[in-house]
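Starting from the known structure of chain A, fit chains B and C onto it as the hints suggest.
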Amino acid sequence: MTAITNQIIHVLLAITVPPLLLGVVAKTKALFAGRVGPPLLQPYYDLIRLMQKGSVFSTTTTWVFRAGPVVALVTAALAALLVPLTADSAPLSFTGDLILLAYLFGLGRFFTALAALDTGSSFEGMGAAREVTFSCLAEPAFFMGLLVLVKLSGSLQLSVMLGSTLAAHWPTAGASLALVLISWFIVLLAENSRIPFDDPNTHLELTMIHEVMVLDHSGPAYGMILYGAALKLFVFGTLIVRLALPWETGTLAADWLIFGGGILGVAVLIGIVESSMARLRLTHVPILLVAACLLSAFGIVLLVR
Amino acid sequence: MVDLETNEIYLLILYPLAVAGAAFVFPSNRWRPWFVPVGAFGHLVLVASAVFQWPLAFQSTGAAGATALGGWLELDVLCKVVLGFLSVLFFLCSLYLPGYLAARAERPNRVFCANLLAVLAMMTLVTLSHHLGLMWVAMEATTLATGPLLYFNHNPRSLEATWKYLLIGSVGIALALFGSFFLAYASLKAGLESTLLFDQLIQSAPKLSAPWVHAAFVLLFIGYGTKMGLAPMHTWKPDAYGEAPGVVGTLLAGGVTSCAFLAILRVYQICRAGTDADFAREIMVFMGLLSMGFGAVFMVRQRDFKRMLAYSSVEHMGILVLGVGIGGMAAYGALLHLINNGLTKGVLFLSAGNIHRSYGSKLIGDVQGALKRLPLSGGLFLAGFLAITGSPPFGPFVSEFTILNGAVGGGHFVAAALFLLLLAIVFIGMGATVLPVVLGTPPAHSATNGFRDSFATGAPIVLFLALVLFLGVYVPHPLDSLLRDAATYLEVTR
Amino acid sequence: MSQYIDPLLIVALSLNFVALGVSRIRAVINAVAIQGMLLGFLPVLVHGQIRLRGMLLVAVTVLLKGIIIPRFLIHAMREANVQHEVKPVVNFMSSLLLGAVGTGLAMVFASTLPLAEEHAGTLFVPASLSTVWAGFLMLTTRKKAIMQVLGYLLLENGIFLFGLLLLEAMPFLVEIGVLLDLFTCVFVMGIIIHHINREFTSIGTEQLTSLRE
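Protein chains in written order, with the working numbering: chain A, 61 to 365; chain B, 21 to 514; chain C, 4 to 216.
The set of hints was computed from the structure by calculation and includes no laboratory data.
Each residue gets a CB set at the ideal place from its N, CA and C atoms; glycine is no exception.
Check the hints yourself; a few may be wrong.
[Stated by the list, open to error] Which residues of chain C face chain B? A few of them, derived with a C-beta cut under 7 Å, are:
(1) Gly-69
(2) Ile-70
(3) Ala-113
(4) Thr-115
(5) Ala-123
(6) Leu-158
(7) Pro-174
(8) Leu-176
(9) Leu-182
(10) Asp-184
(11) Phe-186
[Unchecked claim] Simulated restraints, written as ranges between beta carbons of each label pair:
(12) C/Arg-27 / B/Gly-348: 54 to 60 Å
(13) C/Arg-29 / A/Thr-62: 49 to 55 Å
(14) B/Gly-451 / A/Thr-193: 37 to 43 Å
(15) B/Arg-50 / C/Leu-55: 28 to 34 Å
(16) C/Glu-82 / A/Tyr-104: 52 to 58 Å
(17) A/Leu-340 / B/Asp-219: 55 to 61 Å
(18) C/Leu-55 / A/Leu-91: 45 to 51 Å
(19) C/Arg-27 / A/Phe-92: 35 to 41 Å
(20) A/Tyr-104 / C/Ser-114: 54 to 60 Å
(21) C/Arg-27 / B/Arg-124: 41 to 47 Å
(22) C/Leu-182 / A/Thr-232: 34 to 40 Å
Next comes chain A alone, as it looks inside the complex:
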């Protein structure tokens, strides 16, 4: 009974919470800058506004351009269904679903990049190239972190890896898990195009990475992209929260409150990081990603030592 309740709450939260995260990040950055900033629910208003507009499609584009946002949204939604928000709340779960998770994001990224290339504009192509390179480097870090969890839990199922057994491993393998946590946070920043990898607020196309790929979309398509990006942030944030706060209190309300607090905390943390750092030089970005890989690698080394 509680399992089904958990899953229903999971789906509801996955539908409603993601844009709030974007709002929290923006609010945190505004507070740091001494401004009042946009209202917390602004992303919702944006989405509603975008859904009511018409779309403009360039004549150089093909069906790929229309498919891009759809695939991005669908893959993000599926990923949201795979990752457990609390210990046993994932509606979809099977052995080996961690690979599916990684490659759902891969698929989404692939189609976004294709859609960008489809426009025939050089800015989009440049952004696509950068984005793909960085994701290339971030993926090993992500996988090695997953490997640590696999080794600890002995299972290839995300629900088990990030499930109730994780809390017991912190005292013994704390160093490894801490390293993976830091590494995954860096991957989160990279995959979601946050500072120090990409500035989401820049309006200069030459400096954009993710923003420039979606430059040509408009109306509902753009709304789908925005919402898909929010979902992606939500999923990565969930991974972090599950890793950092795996404890179960036994009561439904307390568990979900912990999760809620955790995910908002991750959003605030992203806001803090964005406010206190500048973007890295493009040539230095691979160094940071390689460092993240090394951190994960050491997590594994410490486990098998």
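Then chains B and C, alone, in the frame of chain A:
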């Protein structure tokens, strides 16, 4: 009698320091250089009495000797050899010093003179130390004290040389400290009280944890080998020896390297006393040949004759280590070579210094016909070249031949063959640099600053050469027995 | 043995990578300083009850490594007007990877060195060896004199880390060794950098090539 022994040991170290202090505060730049020979002579007398048991003396019971500071300082047989040699080397160098500094009267020599004596004191301390930690501290102190000496000329090139020397030397010293830590941990691991006292380590050597001792040997070898100038840690040597004044070069090449060699020997003895010395020996033979190889290769087509001397030093450090690595008679040869090499380097560096002074340049393009312009220095340089490359009747021939003998006798045919080959290469390479310098006529365009051979700058070098010649013809019996005792001390497990 | 030792050693190890991968000199100074302070505090955790002598060592080490030396280096940095290491001999990515390889090898090698019972299972030896390696790497591949000094300091940190194992057994040795080395490093090299700055216009040691073969 115990009080006298202890006091004498302290005096060996404190006396040069006291003279250094006096030299530092003495106001006259012109007369200050004389403090150094005075200090050196006093030191020589003390050392002679300690080594040869003159009336001022005390008991010395074979391998173990007088001790002080609860066993931290001890005058054993190896110590006698090295300390005696150091004292003689320093004394002869100090005789050269007043003449040299008179020619460089424009430079303030306060720090120079004081540091020279401080270096003597610290080298004595290294030799006398029977506590590896104290030995390390003293080694570090010699590095620090020789830094300002290298920078005597105060120009960008000597600054570069000093920077490299201090940086690389400090890294070597740090690694040596690391190795000392490993050694202390080895006794901790064995359940004994962790110690760095040499005698205790020798006694407990068989029980020490082998992987730690091996790792410690490697680190200490690399660390102290850096100070010695073994390849591939020798990169500071060409710059340092190339830019240093001749006296400093002699002291570094003969003195500091011998101290570092002694440090390596101490660790080798601990390895030997433990379960297996073959590991240490193989490393030493390999590194010895490697250093000889580096020296040989870089000496060919060397255009700067002072840098050439540096590579010669690298080569001879390799010979020393090779000799000890082979063991037996070769170890005796290595110890004899320590003395011969140091004295010959004295001849070479000081005469090269004179030539440099006269021509104002160190490159073989500019320096030619030294025999005509400076017959004494040029002749001594030529004689030094013949000596260091192993020609009879000079000393190095005897010691190198002994090492070769030991190698062949011990069955190390490959090492012996390589040894001979590299010596030949060195002879050719060095000759290609030395002969143009010495023979021919001085080039028309060469500047001369009026520096001429004088008694003050020539006589000490002649004394050096005389000693080298003497040792080449006949090794006096006391020295011979001292060396034999030292070689046995090295080889025999306690 | 406190259970917080290993995570702290991991943090110290990660700082190695920060030092290797970053080009801003100020950031590297901070990393080495933080590592020094961390190591300075370790004795309190390693040896439960700590006597006055130990506390004194902790205080002096933290002060020296965390405050005095970084201040000194920042001052040297300002005087020489350098902010960045521009192009090291081995680029930053390769430095990171070499550091990682070295750390891996250090862990392998450390497993061949048996630890005494009271230290068994800790990461002291691998952390120490990999820090020494990282310091050595920085020392040999960086061109700016300050970066080379920082590499030396990193090497020192590594040696100090190992010395912590001997703190109870031979405190004298550890104290003397560390302090003497640090003084050597800072004052001698500081003076040399000062002189280099006077003789040359920048403290890039790639200028010091006049003595090349």
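Against the structure, the hints come out as follows:
1. Gly-69: violated (20 Å)
2. Ile-70: Cβ of C/Ile-70 sits 22 Å from chain B, so the hint is violated.
3. Ala-113: Violated, about 10 Å.
4. Thr-115: Hint holds; C/Thr-115 Cβ to chain B Cβ min 6 Å, cut 7 Å.
5. Ala-123: violated (10 Å)
6. Leu-158: Where the cut-off is 7 Å and the nearest Cβ of chain B is about 6 Å from C/Leu-158, the hint holds.
7. Pro-174: violated (11 Å)
8. Leu-176: holds (5 Å)
9. Leu-182: violated (11 Å)
10. Asp-184: Where the cut-off is 7 Å and the nearest Cβ of chain B is about 6 Å from C/Asp-184, the hint holds.
11. Phe-186: violated (9 Å)
12. C/Arg-27 / B/Gly-348: 54 to 60 Å: holds (57 Å)
13. C/Arg-29 / A/Thr-62: 49 to 55 Å: Because 53 Å falls inside the window, the suggested range holds.
14. B/Gly-451 / A/Thr-193: 37 to 43 Å: Since the Cβ atoms of B/Gly-451 and A/Thr-193 sit about 59 Å apart, the hinted range of 37 to 43 Å is violated.
15. B/Arg-50 / C/Leu-55: 28 to 34 Å: violated (52 Å)
16. C/Glu-82 / A/Tyr-104: 52 to 58 Å: Holds, since C/Glu-82 and A/Tyr-104 (Cβ atoms, about 55 Å apart) stay within the stated range.
17. A/Leu-340 / B/Asp-219: 55 to 61 Å: holds (58 Å)
18. C/Leu-55 / A/Leu-91: 45 to 51 Å: holds (47 Å)
19. C/Arg-27 / A/Phe-92: 35 to 41 Å: violated (22 Å)
20. A/Tyr-104 / C/Ser-114: 54 to 60 Å: At roughly 56 Å between Cβ atoms, C/Ser-114 and A/Tyr-104 fall inside 54 to 60 Å, so the hint holds.
21. C/Arg-27 / B/Arg-124: 41 to 47 Å: At 45 Å between Cβs, range holds.
22. C/Leu-182 / A/Thr-232: 34 to 40 Å: With a Cβ separation near 37 Å, C/Leu-182 and A/Thr-232 satisfy 34 to 40 Å, so the hint holds.
Violated hints, listed in ascending order, are 1, 2, 3, 5, 7, 9, 11, 14, 15 and 19; each of the other numbered hints is respected by the structure.
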